[in-house]
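Asks: Given the structure of chain A, go ahead and fit chains B, C and D onto it with the hints provided.
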Amino acid sequence: MESMLHITTLHYLVLGAALFLLGVIGVLTRRNVVIVLMSIELILNAVNLNLVAFSRMWGGLHGQVFAIFVITDAAAEAAVGLGILIAFFRNKETVNIDEVNLLKW
Amino acid sequence: MTDSNTSLSHLDLETPEKPFLDANELVINMGPQHPATHGVLRVILRLDGEKVLGLECVIGYLHRGVEKIGEHRTYTMFNPYVDRMDYVAAVSNGLGYCETVERLLNVEAPPRAQHVRVILTELNRIASHQLWLGTHALDIGAITPLFYTFRDREEILKIYEKYCGARLTTHAFRIGGLQYETYTGFEKEVKNFLTFFRPKIDEYEELLTTNRIWVERTKNVGTISAEDCIALGVTGPVLRASGVKWDLRKAQPYANYKNFDFEIPTGQNGDTYDRYLVRMAEMRQSVRIIQQAVDALPEGPIMAKVPKVMKPPAGEVYHSIEAPKGELGYFIVSDGSTQPYRLRVRPPSFVNLQALDVMCRGQLVADVVAVIGTLDIVLGEVDR
Amino acid sequence: MHEIIQYIESYLTSDKTPGAAGNMFWALVYIMLVFAGLSVAVIAMNWLERKILAHMQVRLGPMRVGPHGLLQPIADAIKLLLKEDIMPAEADGFVFWMAPLIVVLAAFTVFVVVPFGPTHAITDMNIGILFMLGVSSLSVLGIVMAGWASNSHYPLIGALRSSAQMVSYEVAMGLAVVSAILMTSLNAEGTGTLSMIGIVQAQQAQGEWFIFKFFPLGLIAFFIFAVAMVAETNRAPFDLAEAESELTAGFHTEYSGFRWSLFFLAEYSAMIAVSSIAVTLWLGGWLRPFPNLLSGSTWDLLFSLFPGVTFLLFAAICFYNTARMPKHPLFRIQTIGLAGFGAVLGVIGLVLFVPAVSVRVQDIFWFSTKVAGFMYLYIWYRGTFPRYRFDQLMRMGWKVLLPMGLGVLILTASVALLQQKIWHP
Amino acid sequence: MAPVATPFFFYLLSGIMLIGGILVITRKNPVHSALALIVTLLAQASIYLMLYAPFVAGVQIILYAGGIMVLFLFVIMLVSIERSMKERQFNSQWVVGMSAATALGGLFIAVYTKGKDIFPDHALSMVEDDNTQKVATMLYGQYMFAFEIASLLLLVAIIGAVVMAKKRI
Chain A
1 MESMLHITTL HYLVLGAALF LLGVIGVLTR RNVVIVLMSI ELILNAVNLN LVAFSRMWGG
61 LHGQVFAIFV ITDAAAEAAV GLGILIAFFR NKETVNIDEV NLLKW
Chain B
1 MTDSNTSLSH LDLETPEKPF LDANELVINM GPQHPATHGV LRVILRLDGE KVLGLECVIG
61 YLHRGVEKIG EHRTYTMFNP YVDRMDYVAA VSNGLGYCET VERLLNVEAP PRAQHVRVIL
121 TELNRIASHQ LWLGTHALDI GAITPLFYTF RDREEILKIY EKYCGARLTT HAFRIGGLQY
181 ETYTGFEKEV KNFLTFFRPK IDEYEELLTT NRIWVERTKN VGTISAEDCI ALGVTGPVLR
241 ASGVKWDLRK AQPYANYKNF DFEIPTGQNG DTYDRYLVRM AEMRQSVRII QQAVDALPEG
301 PIMAKVPKVM KPPAGEVYHS IEAPKGELGY FIVSDGSTQP YRLRVRPPSF VNLQALDVMC
361 RGQLVADVVA VIGTLDIVLG EVDR
Chain C
1 MHEIIQYIES YLTSDKTPGA AGNMFWALVY IMLVFAGLSV AVIAMNWLER KILAHMQVRL
61 GPMRVGPHGL LQPIADAIKL LLKEDIMPAE ADGFVFWMAP LIVVLAAFTV FVVVPFGPTH
121 AITDMNIGIL FMLGVSSLSV LGIVMAGWAS NSHYPLIGAL RSSAQMVSYE VAMGLAVVSA
181 ILMTSLNAEG TGTLSMIGIV QAQQAQGEWF IFKFFPLGLI AFFIFAVAMV AETNRAPFDL
241 AEAESELTAG FHTEYSGFRW SLFFLAEYSA MIAVSSIAVT LWLGGWLRPF PNLLSGSTWD
301 LLFSLFPGVT FLLFAAICFY NTARMPKHPL FRIQTIGLAG FGAVLGVIGL VLFVPAVSVR
361 VQDIFWFSTK VAGFMYLYIW YRGTFPRYRF DQLMRMGWKV LLPMGLGVLI LTASVALLQQ
421 KIWHP
Chain D
1 MAPVATPFFF YLLSGIMLIG GILVITRKNP VHSALALIVT LLAQASIYLM LYAPFVAGVQ
61 IILYAGGIMV LFLFVIMLVS IERSMKERQF NSQWVVGMSA ATALGGLFIA VYTKGKDIFP
121 DHALSMVEDD NTQKVATMLY GQYMFAFEIA SLLLLVAIIG AVVMAKKRI
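Chains as they are written, first to last, in my numbering: chain A, 1 to 105; chain B, 1 to 384; chain C, 1 to 425; chain D, 1 to 169.
Rather than coming from a laboratory, the hints here were simulated on the basis of the structure. Be a bit skeptical, because a hint or two may be false.
[To be verified] Covered by chain A, per the in silico footprint, the following chain D stretches (three or more residues, Cβ under 8 angstroms): (1) 11-18; (2) 29-43; (3) 48-55; (4) 64-70; (5) 88-100; (6) 103-112; (7) 157-166.
Cβ atoms here follow ideal geometry from the backbone N, Cα and C, with glycine treated the same way.
For reference, chain A alone in the conformation it holds in the complex (with noise of 0.2 angstroms):
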């Protein structure tokens, strides 16, 4: 009980490790592009969860400095993977990621 109620980093780890586990099983087993990109952001969320709550535990700044960067990342990866759904879309008019097969042979 008294580790309950004492919030330590292991306690952010271990939200960060549940909100990437979600992020892999909605990459994992859904078929809509959206919301495949969605989980995506959720597992970067998740690192970034965890990147800030070592900041908090070492004390330095380097860990909130590097989620400002997965944030960034995390725009330019929504700005393109958008850009491709929509390209996507035009072509073969449906948003399910089980049909983007035509490098298969």
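Replies: For chains B, C and D alone, kept in the frame of chain A given last:
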């Protein structure tokens, strides 16, 4: 104009443009209850995002069968009905109808009546353009001009009210001339109105003509070429803004317009801004005509000799006048009885509305509103 | 009783915001006060907008409910609350229900960091301005949700327009804000601040409002922000998301009754919020005009009389209009009401002359006055400008304001660097 | 200013985050997923505040909730979702995916139970007042090069997105 000019070959109106995302064509039902369709016009818009791929007008929500009514009324009885077509320009409608029947009867209204008719019709043109300006600006988002134009239109309506007791559906003219002599002080009031109104046009222009947003919203919007105008039968300020100097007051003078000195303002680009400028200039020209007519108002009778029971000789006549919105024509076939055998109206709004599709293709939704405003349609006239 | 007075006195003499002092009770009191003040401001704004617009358009505006229509907003509020609340059958119920709440929450939450005075803020955050921009940009989510959930075409187009509009203006707005924040770093330590209170204090320390700083750079940045904030709040001439002549009512076409009034409330409080940002960043926040030109205790005293004088002026207007009311038994209640309203305003004005009160209140007064100036601008825009078209608005955001913002930012940074390194090493 | 009632808010916020995350990956309608994700992101921003990282929290709200998610919603509205909502939601490899995720979860549990002693009991509490200034100094000092690369990445992403989404180039 030659026949080669009267085709729309370069405009493929049958096949729609392909949308950006194929599955995503948006069909929007604009109207019949919509703040910017000036009544009960229904426009079915096919959109690609905001871009208009094509549109279709559905009319008839205000159809009252005016033409059919005309076949069941005597010539005199039908006169008030025409006021209800273009209720914004009731006097012009009346002038067109009276002159058509006068041609059929082969009589001509006396000079004084002609002068008064010109004065009232031109006042009506100003009133119609004022209403157009106010609502058009309101559609584009400028809410203030509406109140200014309505304030000034009120003065014209007051003159009407004093002259014939009605403000909107005036029934001002009779076949053969006028029923009432002008009231005392009529000339003075008209002159007062002219001096009052001249600075007001400048006021409207000050609000809009050089307004950056107004220019951006109207320049190169709803452009229509002179060829397309002619092919679609578009008349009035819309035609003149495309650069065609065609005004029935000069081209086929009626009433006694040939006695007055005025110009036909034209535009070059045929876009919404040019139509705006043309109508503003027309208001100034109307002021000029009224000034001349009032200054030279002759004395004399106001009614020609017309029989009490009108039985025009059998035959047909088409007569058209330049209404504020374009060519307003009446085609009457008489079989020698007291009622027309067939009566057909060529309303300017109805014909001009055809150009909406051509003008809106490839533009944005916001432009559709601007174009409907600039066509200056009155649904009472479109549906009759 | 004695303890209570002591408690209040302890607050009055503190020099920290309740949030920073960790005082939950006073923070709660402040939240209540801000909420009440906002509601009153929205009601007043509603009345003023209709009256001012009406007078611009040669008409009278509301005249029936109460003297000069003073009670019209209240009548409208009652009407809206009593109206049937319709939800379209095909709507996405939960999202439809959430959307107005999100918009209102976003509009109200930003007031947590708005500094009405050095101690008159709910809290002072290290990231104050960032928080304000972030939370106020959340309101677009509510708009998009409302448009999508209505499952109708007009709202959908309104929502799409709104999100595209926000994307094109947020960037220019951010750049303008950054150039103002850069100016806060022109002190001995060379460190700037994002805290709303800190920004005003920097202006106080530098003896210059940022709108006049590095003339004309501050002015240009302010101009960019002033344009972007109108677009951000969806007001004329950028009211594309709810353009009534094109999209009937845009994103809130399907809303009625109480839900609609929430959108209305949010729109007006968002206007006040972004005006507060502009006032804080460029117009010296709570500082009185000419703090260094007209300094000295005499001027201080003179300026401290302003709040009271303003209220007395309002009271005088009320009494003047009371005297002009028609002397008819039917108007008796209205006349008495107007006189009573004037009397209340007059009493408030007299109380404001008490030095202990006026010292505390004049910060709030100056801040509100500046915000009220912006509110008038909003009404003025609405009365004068036609509406921009969607693509023109995007073009203006990306091709005019964004390069301008970048240029101003670079110039501000260079000038600031020059000043620190060369002129005052 | 120290966070108050840390355990309560931690459990509340992590509950919101986890429920939001579950909703993200289970909803049929992408709009609902996006809204759930926004809730998750906002809760995470609050957790950042509890971790003495106000600047990251602010960036999270502005960029993620205000920017990226609006982009997502915009695209969802652009593509028609009616068809994909009626279809099967999970792909054919969902068994493999779930087992892989379970294995990963097992790995996490193993690592954390084994290595939980290396984390100090009491996390450091940091000064929050100049957090932004310190992060800025770091970004423009130590991480200058990384910052420039990130801006380059964004530029490439912009160009890439435009090229992808454009009909004809």
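Asks: Hints first: check each against the structure and report whether it holds.
Replies: Status of each hint after checking the structure:
Residues of the region 11-18 of chain D lying with their CB closer than 8 angstroms to a CB of chain A number 3, which satisfies the three-residue condition for coverage. Restraint check on the region 29-43 of chain D versus chain A: 6 residues with Cβ-Cβ distances below 8 angstroms, three needed, restraint holds. For the region 48-55 of chain D, the assignment as covered by chain A holds, since 5 residues bring a beta-carbon within under 8 angstroms of that chain's beta-carbons and 3 suffice. Residues of the region 64-70 of chain D with a Cβ under 8 angstroms from some Cβ of chain A number 3, which satisfies the need for three, so the listed coverage holds.
Against chain A, the region 88-100 of chain D contributes 11 residues with a C-beta closer than 8 angstroms to a partner C-beta. That satisfies the three-residue criterion, and the hint holds. Counting residues of the region 103-112 of chain D whose CB lies closer than 8 angstroms to any CB of chain A gives 4, which reaches the minimum of 3, so the coverage claim holds. Judged by the Cβ-Cβ criterion of 8 angstroms, the region 157-166 of chain D is covered by chain A as claimed, because 8 of its residues qualify and three suffice.
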